[in-house]
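Asker: Residues per chain, in single letters:
Protein chains: 2
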Amino acid sequence: MNTADRATAEGILFTDQYQLTMAQLYFRMGLHEKEAQFDHFFRDYPDYGAHGAGYCVNAGLEWLVEWMGRVCFRAEDIAYLRSHKTRTGESLFADDFLDWLRANGDFSGISLRAIPEGRVVHPNTPLTVVRGPLAQAQILETALLNFLNYQVLIATKAARIRESGRGQLLLEFGMRRAHERGANAGARAALIGGADYSSNAGMSHVLGYPPKGTHAHSMVQAFLALGMDEIDAFRAYADVYPDECSLLVDTINTLESGVPNAIKVFEELRRKGHRPVGVRLDSGDLAYLSIRAAKLLNDAGFPDVSIVLSNNLDELVIWQITTQIAEEAHRYGVDPDNVIKRLVYGVGTRLITSAGDSSLGGVYKLVAINDSNAWRPAIKISESREKTPNPGNKELWRIYDERGQATADLITLAEEDPAAHSPLILRHPATRVKRRQLEPRQISRIEPLLVDVFVDGKLVYDLPTIDDMRLLRRADVDRLDPGVRRLINPHVYHVSLSQALWDLKDELIHALGGGD
Amino acid sequence: MNTADRATAEGILFTDQYQLTMAQLYFRMGLHEKEAQFDHFFRDYPDYGAHGAGYCVNAGLEWLVEWMGRVCFRAEDIAYLRSHKTRTGESLFADDFLDWLRANGDFSGISLRAIPEGRVVHPNTPLTVVRGPLAQAQILETALLNFLNYQVLIATKAARIRESGRGQLLLEFGMRRAHERGANAGARAALIGGADYSSNAGMSHVLGYPPKGTHAHSMVQAFLALGMDEIDAFRAYADVYPDECSLLVDTINTLESGVPNAIKVFEELRRKGHRPVGVRLDSGDLAYLSIRAAKLLNDAGFPDVSIVLSNNLDELVIWQITTQIAEEAHRYGVDPDNVIKRLVYGVGTRLITSAGDSSLGGVYKLVAINDSNAWRPAIKISESREKTPNPGNKELWRIYDERGQATADLITLAEEDPAAHSPLILRHPATRVKRRQLEPRQISRIEPLLVDVFVDGKLVYDLPTIDDMRLLRRADVDRLDPGVRRLINPHVYHVSLSQALWDLKDELIHALGGGD
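Residue numbers (the numbering used here), protein chains in the order written: chain A, 1 to 516; chain B, 517 to 1032.
Derived from the structure by calculation, the hints contain no laboratory data. All values derive from a computational prediction rather than experimental measurement. Virtual Cβ for every residue (Gly too), placed ideally from N, Cα, C. Don't take each hint at face value.
[Said to hold, decoys possible] Pairs of lysine-lysine, BS3-like flavour, derived with a Cα cap of 25 angstroms:
id, chain 1, residue 1, chain 2, residue 2
1, A, K264, A, K295
2, A, K85, B, K601
3, B, K857, A, K272
4, A, K264, A, K341
5, B, K780, B, K903
6, A, K272, A, K295
[To be verified] Over the 12 angstroms line for every Cβ pair with chain A, so calculated as not near, a few chain B residues:
id, residue
7, T537
8, K550
9, E578
10, A591
11, G702
12, L764
13, K780
14, D851
15, S875
16, R961
17, K974
18, D983
19, D992
[Unchecked claim] In silico contact screen, one side only, chain A against chain B (beta carbon under 10 angstroms); selected entries:
id, residue
20, E66
21, M175
22, A185
23, N373
24, T431
25, K434
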């Protein structure tokens, strides 16, 4: 795609066609500048079949904000829309609408509230709240979902992989299997959610993290094809990178060739005063090979050299590897902790594509519309009360218990102050008879989660750094119950409605002929 | 990501860091300008668990070609690389290497052969063959795989969905759930592989196809929240789009409200001389609702109005829907064919993410290196003979049987002419004792599949249009055995080695100590 085409395809036309036809309809009906509110939320945690997530990590906001501030309907976009014809050969978009779009079709009238990136988030809570003229807020839908759905998905996957890796160094290696340019968003989200570094050179540069990597099989193969040996390739690498020497040891045979050759080269480095860094294992039984490699490295006096693992890793595979090492290392005369604490995980495909559940079902639903200076809640009845979006303008709060652990997210009407309720009633979102009641002594803190990002199109939010986001993520994950954090069958975190929100929703459902 | 950052992250630094460190090593060893050959291929068809693909559709080449012709190491990229430090605080990249990279670090020395986009392709055959200086060919790896893996994956998924949809109109609706900017590549690949149109406005513009869509629930909701009814929303839509009137009928209740209201509006349109286009069903039992909606539409005299289906469709869901309609329609007094022939499939998430198998494992392997004007084959032994890449410079042929059906893809050494062999021996790639033998009378055509794209960096390939690619795809799919095309448990298409290639591979495997 050439540069001009890219500007078209990644500008404001990065949207579904129906947003534009609906915008024209709103224009024609005189509804286009009515203030509307849309909530963005997801309905379910990623579900990997054998295991599902118990929490998500929010990500993607900054890139959305940057895009919203930059794009508009350029003359060439308008010219393109003008060329659309109906089946009967007439113009699909009328001139008066296109004139309005050219003058007003940007996001400068939008107010946006959101949960900061890096924070732990849960289903059916508003992650992003958009208010603005109906037409512009409608046009924003597709790009907003596109920017946020994927980064939340990958930040969440990275957090799970970090959890299963017991805090060992985690490297994002997935570029080549990513969904084309999504590779960059994926690297960013991985860094927010749990990866320490990425192999992606350009994106690491942009985000200010040193990119990481070892070398490929092809390097060893090239030496072999030229009549040299694996150790010649390793020596060359050690010569050029004496202080960064990480060697891929499985091109020929890991235990019979790769590791012994690496050790020879490491000994040569040591004699010259350098500290070798690591070996990488990219095939075979990684737990068994890690133990054996650790033993060989220990025996040669390299107890600190890292063992980088790669090859279709994810949270379950890593869990299997550490479990197997814990059980088997003693048999080979190695302390399991010595092996596990030197592991580095290079996670590619299964992180960057969130393999097993490769999309997050984030949605963007109209929840209110302003008519003659009165906000009217909007609703759409779905199969179940839980799937029916929560109507109206709302606030989202996190309730911490007496130990300081997050015990529930509470959605209230905007004007409510949950601290004023004693006791605080938490209504189950779907089941009429289920509710929790918290006395003030059971609550250590009630935290509002949404922050102002755009107010009437003006950016009022201080965009945090990735490091800030990581601190938020760590703190939020630490405040989750271990049951919610676990990899398999996590406890269900409570997302509750206030009594007033429950009542409003109930009333609207009944008015539309719905019920329990 | 702002524009400058985007230029960095999507330029030549769109690569893994280790490609750059290996390039420096080759430079230091004086190997960087040795001619090398890398083959790009995938090892396995996408496997969706309950069902796997029996063929793939090639896609992605044009965007790779455009990128290769455009990117280079800009001054700012070099400045960035110069800032990299080792653990001991020295420069990771030396000045002489960076000078060389600035002057030579583009793809103007690369020759590239490839299979055209739209063609049916199979595992373990070279889809793309790169020849050029070792350093540059190495740096190309990550971007090449990134560009091609995803588009092949999505073109293949689209072909399967088209197959299960019995040729009915197929619309790509997945932007909002795509992996960020991968949405655009995904829309393109879907159009190559089997989708007729996409909802993606910008990408449709760039590719010259009219974008398609209906309207969202939010439009109806907005009318409801403002005190109006579903039919008011439908009427407004019909007023603005009298010749494009497709109505989403499930916001309140499909059969009790949506379809009857749509029919009223369609009748009004008809009286004004317009032809209503369709209704869209986005929830519930789509097969049952399609039958009932078709009956209501027929009874009202609209036997040609389309029924657009959406909501987590994929090839199995569509197969279920058409099967169920075929079985049940008669019970409601409707001809199943009348229902099935008016269906349009709007496929989103599960197409654009290839849900169930969201990555293609394409790899890029060194297969030969030129040393003193002699090409030396390179090999890397893997767990199995099948996984071990085929060494050396090769040619790929498609063999058509006496009926004109594709019966095998044959990989030979470059200098071989399979037409000269009588009989033609097709060696099984993994199993020593398995082989096929074709007499000349059993062969109607032997077609070379790779075409020259870049010769020494010069583009010599006339890039086909998407329409051309679709014709290639249709012709290739038609020439596949129905067993290979089927959705569940397809026949395994034969990918064979020539005797000479088998012998070379065997010899190299034994030289490295491998065997069967």
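Asker: A separate judgement is required for each hint: does it hold in the structure or not?
Answerer: Status of each hint after checking the structure:
Pair hint K264 of chain A plus K295 of chain A holds up; C-alpha atoms about 15 angstroms apart against a cutoff of 25 angstroms. Our distance criterion of 25 angstroms between C-alpha atoms is broken by K85 of chain A and K601 of chain B, whose separation comes to about 57 angstroms. For a cut-off of 25 angstroms, the pair hint linking K857 of chain B to K272 of chain A is broken: about 76 angstroms separates their Cα positions. For the given pair, K264 of chain A sits about 23 angstroms from K341 of chain A by alpha-carbon distance, which is consistent with the 25 angstroms threshold.
For the hint linking K780 of chain B to K903 of chain B, the alpha-carbon distance of about 62 angstroms lies beyond 25 angstroms, and the restraint is violated. The straight-line distance between the Cα atoms of K272 of chain A and K295 of chain A is roughly 23 angstroms, inside the 25 angstroms bound, and the hint therefore holds. Here T537 of chain B does not stay apart from chain A, with its beta-carbon only about 7 angstroms from theirs, under the 12 angstroms limit. A beta-carbon of chain A comes within 12 angstroms of the beta-carbon of K550 of chain B; the shortest separation is about 8 angstroms.
Some Cβ of chain A comes within 12 angstroms of the Cβ of E578 of chain B; the nearest lies about 8 angstroms off, and the non-interface call is violated. At roughly 14 angstroms, the least C-beta separation between A591 of chain B and chain A is larger than 12 angstroms, which holds for a residue marked as non-interface. At the 12 angstroms boundary, the C-beta of G702 of chain B falls inside the reach of chain A, the nearest C-beta of that chain being 7 angstroms off. For L764 of chain B, the requirement that its beta carbon stay farther than 12 angstroms from each beta carbon of chain A is not met, with the minimum near 9 angstroms.
Distance to chain A confirms K780 of chain B as a non-interface residue, since its nearest Cβ pair spans about 18 angstroms, more than 12 angstroms. Once the 12 angstroms rule is applied to beta carbons, D851 of chain B is consistent with being away from chain A; the minimum gap is 26 angstroms. Under the 12 angstroms C-beta cut-off, the non-interface status given to S875 of chain B relative to chain A is violated; the minimum distance is some 4 angstroms. For R961 of chain B, the shortest C-beta to C-beta distance to chain A comes to about 35 angstroms, beyond the 12 angstroms cut-off, and the non-interface label holds.
With 12 angstroms as the threshold on Cβ separation, the claim that K974 of chain B sits away from chain A holds: the shortest Cβ distance comes to roughly 18 angstroms. A cut-off of 12 angstroms between C-beta atoms confirms that D983 of chain B is not in contact with chain A; the least separation is 17 angstroms. Against the 12 angstroms criterion, D992 of chain B stays outside the reach of chain A, whose nearest CB is about 23 angstroms from its own CB. For E66 of chain A, the interface hint holds, since its Cβ comes within 10 angstroms of a Cβ in chain B; the closest pair sits about 6 angstroms apart.
For the restraint placing M175 of chain A at the interface with chain B, the shortest Cβ-Cβ distance is roughly 5 angstroms, inside the 10 angstroms limit, so the hint holds. The closest approach between the C-beta of A185 of chain A and any C-beta of chain B is roughly 4 angstroms, which is under the 10 angstroms cut-off, so the hint is satisfied. Look at N373 of chain A: its Cβ only gets to about 13 angstroms from chain B, farther than 10 angstroms, so that hint breaks. Because the closest C-beta pair between T431 of chain A and chain B is about 22 angstroms apart, greater than 10 angstroms, the hint is violated.
Given hint, K434 of chain A at the interface with chain B, is violated; its Cβ is 26 angstroms from that chain's nearest Cβ, farther than 10 angstroms.
In this structure, the hints that do not hold are numbers 2, 3, 5, 7, 8, 9, 11, 12, 15, 23, 24, 25, in rising order.
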